[in-house]
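J.: Take a look at the letters that make up each chain.
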Amino acid sequence: MDFVGNHILSVSQFDRDDIERVFEVADMMRPYAHREVVTRVLEGAILGNMFFEPSTRTRVSFGCAFNLLGGEVRETTEVRASSLAKGESLFDTARVLSGYSDVIVMRHELEGSVQQFAKASRCPVLNAGDGANEHPSQALLDLYTIKRELATHGKTIDGMRITLIGDLKYGRAVHSLVQMLTLYSNIRVSLISAPELALPSRYIDALRLSGHEVIESDRLEDGIAQADILYVTRTQEERFGSQAEADKYKGIYKVNRNIYTEFCEPNTVIMHPLPRDSRENASDLDADLNENPNLAIFRQTDNGVLIRMALFALILDVVGQISRHSRKVNWYTAKRF
Amino acid sequence: MDFVGNHILSVSQFDRDDIERVFEVADMMRPYAHREVVTRVLEGAILGNMFFEPSTRTRVSFGCAFNLLGGEVRETTEVRASSLAKGESLFDTARVLSGYSDVIVMRHELEGSVQQFAKASRCPVLNAGDGANEHPSQALLDLYTIKRELATHGKTIDGMRITLIGDLKYGRAVHSLVQMLTLYSNIRVSLISAPELALPSRYIDALRLSGHEVIESDRLEDGIAQADILYVTRTQEERFGSQAEADKYKGIYKVNRNIYTEFCEPNTVIMHPLPRDSRENASDLDADLNENPNLAIFRQTDNGVLIRMALFALILDVVGQISRHSRKVNWYTAKRF
Amino acid sequence: MDFVGNHILSVSQFDRDDIERVFEVADMMRPYAHREVVTRVLEGAILGNMFFEPSTRTRVSFGCAFNLLGGEVRETTEVRASSLAKGESLFDTARVLSGYSDVIVMRHELEGSVQQFAKASRCPVLNAGDGANEHPSQALLDLYTIKRELATHGKTIDGMRITLIGDLKYGRAVHSLVQMLTLYSNIRVSLISAPELALPSRYIDALRLSGHEVIESDRLEDGIAQADILYVTRTQEERFGSQAEADKYKGIYKVNRNIYTEFCEPNTVIMHPLPRDSRENASDLDADLNENPNLAIFRQTDNGVLIRMALFALILDVVGQISRHSRKVNWYTAKRF
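Same order as they appear, the protein sequences are chains Y, A and B. Here our numbering is used: the first residue of the first sequence is 1, the next is one more, and so on. Here our numbering is used: the first residue of the second sequence is 338, the next is one more, and so on. Here our numbering is used: the first residue of the third sequence is 675, the next is one more, and so on.
Check the hints yourself; a few may be wrong.
Below, simulated DSS-like cross-link-like pairs (lysine-lysine); rule was C-alpha separation at most 30 Å, straight line [stated by the list, open to error]:
# : chain 1 : residue 1 : chain 2 : residue 2
1 : A       : K423      : Y       : K119
2 : A       : K665      : Y       : K86
3 : B       : K760      : Y       : K254
4 : B       : K928      : A       : K456
5 : B       : K922      : A       : K456
6 : B       : K1002     : Y       : K328
7 : Y       : K147      : B       : K821
8 : B       : K821      : A       : K423
9 : A       : K492      : Y       : K86
Simulated from the structure, these hints should not be mistaken for laboratory data. All values reported here derive from a predicted model rather than from experimental measurement.
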């Protein structure tokens, strides 16, 4: 894929080379995101960070990524604050807003809305989530985290063993990750979920067609025993008919310290797309694992900034110029990464 | 008018020379807004973008205009998020907020509120809409668009034929535009509306006093036949007693491709202050005109950025310094203007 | 206290030397806040301005302070817009958000929440108000204002006479100010409140233990007669069981022009933490004092920017570098400070 000037709407746009290109640029972004070096390469550029559905983490992550490249961010955070409420079409909204900024990041509750918006937009659009449909930067940051975590143990995505746990039916992050895994080879994928929340069969078929081994189970202990990666997800409550219906599935596959210690191999990496529900009886990933060095959930969100910086740099064609606009950070920075 | 350090509260502040001065500076802003060149002339300056009533388009347009000049933007988007809810007076709010920034843009639902705020403010204030009252930058961008569109056909505002369509009673944009037209000469103004939504007589009188020809009709076909500009407006639903009352007038003067092709001269320019209501039976300007090159509605919003940049540059007295702080854009920019 | 890299969570962190250090740096910030000089010392740094409870003034003040040092601001303004609603713990929120910025300012309605957040944060956190508990930058700006106002009359905090008026039971600003006063010597503190809204005895004890004179009264005239500073507060309505309960206390100690002229010494300074309630029968500090030069309430909010700039500069360790990154302001600035 040619990144320059293009929309990023779906994981299906990426082949393996594209993914590797994003990861390579993300690696370059590390000293900037970690505040060792400052770059001003996008000084004067404007991001329209359009969140018509709330998402603090994703919104701030994209905004910071753009700031870290030196650009400015103009933001919208609510559907009520928009002309959509007066019957304005996505076509009009896109035509207007794309005259205001150099690139747009958009989240919207309706599936397909971002794609529709992008068609009318006069500048590149990055999909930050359209309902239950796509959220490609999440899939990229997940896969990037998997790659980096495995590398510290001398392993690669090819040949890895990954276990997906929880709501595999509605979890957008899981679906996108699975799609990307089909580009790699020789993976053993274990699926742990309540039968009603199983991974849809088209994803299972795609994994098998790619030559991967797929094991389904509703017993947590089976699935996590021999795994390099545990990918735990929360129940997507908002997709259920009622809260009571959703509650039936909350916390039934809870990964905690006891279970991890008893069943997992020593270096099994724990991931989660966040937010995790930390309320009593609802948590899918217990806080008693917070000090476990294999808990990679905050390295995931840290990596999200790198991936988003990389996407901006590729789309706006400044990868080769970043270091030229750099200098050392001159303020206190915590050793936090 | 001396722009430097002054408030911009009303179209009545502008004489013809003032308008021409704004347009001249807006023309200078084009390469910056179109991302050919970056200027940092306002680097370090702060805009307080205070929207106590939601308006995504206007808010982002002002914010981007300030960013394009190199300045920073601090924003407020909701009346609930403010001390107004605790009984704070506009005087106090203005005194406090004007200590935080170099210039303030303000929108508020109450008529006269921005003027009251400006009286207490210690820095210049731009009115971005006070209820049904004033929205001067909208009037300026409309007139600027008319001027530029006509120029491509070898015409001028003096001597033009313009048709105003829709809710002429409550439409703030129409009222402000009409006021500005009185500064020009020899215009033929056609007014098309339901009798109950006719342009108030004081505006009609003002137009006639300026020597313009005014024609009133409730038949769309009559008014659009020989026009240089169609200015279509939506029904200002929020001004009616009930939704049912408002719905009676929605979409009764619908301009679409068939009507345009049958009745209009080939180069008649189509304008609209936006948002347009694109819902079935409600639209006043049909989407089937979207590919018509005479549809100027998105050039209007693009021009809004130029006009707002010009107002900032004039008020903050940096017009003469802009080019000195400039350099070429170094990132990918779509050919979108 | 070593400021560099530390959280600012409570007034109890500060000894007298710390306070003087903040004030010294705040003094240095004056030409930057007053737009005579621009500094870019924090260019490339990012503030996470996290307001999980609305507060326009405090939020914009912190944001502008960071912009004035050259940094960027990413903002969150609503609890509904956050993952907290999905059961995310403050630990997770802190871990994630502290990977996005160099420093975080946080306001939250729950007492102790900011402290809990800070524990998990990987970057310095400034408490901008946790419920009725702490708001240290407000206390610092109040004390800084007192110091500067007194200095113009040749007086100092040591030895001053201050009168605290209104809701002394629930007023967070009053409690924090009182705590700081215990670090100074020989102050006469007059307390004027309804008996039910008296200053809690632990604060009175602390003042007396520090050797200060404390006088309690429920008669306004007694307390304001011989004072250098009047510190008027509003009734903290949100802390009462019902609106009717709160209304009983609103506006009963109203300071206005008549009372000031009749009872106060000529140069008595009038302060208020704002917002003041300006509604009829509710106001605690009348608008008829707005033109009185001793009314320091807007100098307080102006000073807030200086104090917040100082805190950022100290925590991020750039105090010594500010002037090196400076240049003259090149745009129009009102003479407003």
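J.: Confirm or reject each hint.
T.: Status of the hints after comparison with the structure:
no.: 1; hint: K423/A with K119/Y; verdict: violated, 44 Å
no.: 2; hint: K665/A with K86/Y; verdict: violated, 39 Å
no.: 3; hint: K760/B with K254/Y; verdict: holds, 17 Å
no.: 4; hint: K928/B with K456/A; verdict: holds, 25 Å
no.: 5; hint: K922/B with K456/A; verdict: violated, 33 Å
no.: 6; hint: K1002/B with K328/Y; verdict: holds, 24 Å
no.: 7; hint: K147/Y with K821/B; verdict: violated, 57 Å
no.: 8; hint: K821/B with K423/A; verdict: holds, 29 Å
no.: 9; hint: K492/A with K86/Y; verdict: violated, 34 Å
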